[in-house]
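So the protein sequences, as listed, match chains A and X. Each step along the first sequence adds one to the number in the working numbering, with nothing skipped, and position 57 is 68. Each step along the second sequence adds one to the number in the working numbering, with nothing skipped, and position 106 is 126.
Be a bit skeptical, because a hint or two may be false.
Here are some, though not all, of the chain A residues that point toward chain X, as calculated from beta-carbon distances under 7 angstroms [unchecked claim]:
#1 27
#2 50
#3 56
#4 94
#5 95
#6 118
#7 119
#8 120
#9 121
Below 25 angstroms or equal to it, Euclidean Cα-Cα: the simulated PhoX-like pairs (lysine-lysine) are [what the hints assert, rightly or not]:
#10 X/128 to X/56
#11 X/90 to X/76
#12 X/56 to A/22
#13 X/90 to X/125
#14 A/68 to A/22
#15 X/125 to A/68
#16 X/76 to X/88
#17 A/22 to X/125
#18 X/56 to X/76
Bear in mind the hints are in silico, worked out from the structure with no lab data behind them. Note that this is a predicted model, so its numbers are computed, not measured. Glycine included, each C-beta is placed from N, C-alpha and C at the ideal position.
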Amino acid sequence: GAGVSQSPSNKVTEKGKDVELRCDPISGHTALYWYRQRLGQGLEFLIYFQGNSAPDKSGLPSDRFSAERTGESVSTLTIQRTQQEDSAVYLCASSSQLGLGQDTQYFGPGTRLTVL
Amino acid sequence: GEDVEQSLFLSVREGDSSVINCTYTDSSSTYLYWYKQEPGAGLQLLTYIFSNMDMKQDQRLTVLLNKKDKHLSLRIADTQTGDSAIYFCAESSPDAGSYQLTFGKGTKLSVIP
């Protein structure tokens with residue numbers, strides 16, 4: 012079946028502009044995660060959605076970052092007034108959250124954001 | 021807070037075994053994972069191990085866990101050029117929320133033909 016998809020694959024923007032990144036999770040996956048990967052670094056957790064529960068926003072680096080999810084489907088990550096330090100690959104993952112103690116996260120290919 | 025450390029680079033000859041090492045600090049880790057990232061691609065889950073296990077084997081991959089030393093390793097037997105990628109170690113623990121993964125910075129494996 013289809014995996015996690017993200018769009019756009021690449022985004023170049025000017026400092027100060029807003030950007031919107033999209034993630035389509037695997038159908039039926041109730042959990043969705045956003046991570047940021049800066050050049051040469053590991054992944055930083057940003058935000059987590061699980062069903063209709065309030066999202067865990069503890070990883071968002073500033074109030075310029077926000078994310079929404081419609082039901083158990085598409086999610087959008089919005090970065091307002093982008094800064095050069097926002098340049099990174101933004102990765103989305105989804106999982107089935109079967110409550111079996113282990114929950115594999117499946118990742119999309121990422122959106123490479125470059126802020127000039 | 022939690023921290024996951026990996027060496028940044030590893031170079032091996034085709035056909036040899038590769039061993040990628042990882043250390044973590046959170047003793048309450050429940051699951052430990054190895055992900056593979058090829059250029060321009062997302063992360064692919066390779067394997068995972070539950071913290072009450074000390075070894076897991078899956079075809080060419082062997083995962084060893086030393087919980088006392090908080091040390092995790094991934095051995096790739098008969099390494100091929102297609103194994104060239106960045107390998108990330110990750111851990112999840114109840115303290116961070118069992119759904120949240122903490123990643124190392126990744127080990128870049130280069131396979132020499």
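How the hints compare with the structure:
{"no.": "1", "hint": "27", "verdict": "violated, 28 angstroms"}
{"no.": "2", "hint": "50", "verdict": "violated, 11 angstroms"}
{"no.": "3", "hint": "56", "verdict": "holds, 5 angstroms"}
{"no.": "4", "hint": "94", "verdict": "violated, 22 angstroms"}
{"no.": "5", "hint": "95", "verdict": "violated, 21 angstroms"}
{"no.": "6", "hint": "118", "verdict": "holds, 4 angstroms"}
{"no.": "7", "hint": "119", "verdict": "holds, 5 angstroms"}
{"no.": "8", "hint": "120", "verdict": "holds, 4 angstroms"}
{"no.": "9", "hint": "121", "verdict": "holds, 6 angstroms"}
{"no.": "10", "hint": "X/128 to X/56", "verdict": "holds, 10 angstroms"}
{"no.": "11", "hint": "X/90 to X/76", "verdict": "holds, 16 angstroms"}
{"no.": "12", "hint": "X/56 to A/22", "verdict": "holds, 24 angstroms"}
{"no.": "13", "hint": "X/90 to X/125", "verdict": "holds, 17 angstroms"}
{"no.": "14", "hint": "A/68 to A/22", "verdict": "holds, 23 angstroms"}
{"no.": "15", "hint": "X/125 to A/68", "verdict": "holds, 22 angstroms"}
{"no.": "16", "hint": "X/76 to X/88", "verdict": "holds, 17 angstroms"}
{"no.": "17", "hint": "A/22 to X/125", "verdict": "holds, 23 angstroms"}
{"no.": "18", "hint": "X/56 to X/76", "verdict": "holds, 17 angstroms"}
Consistency with the previously given hints fails for numbers 1, 2, 4, 5, ordered from lowest to highest.
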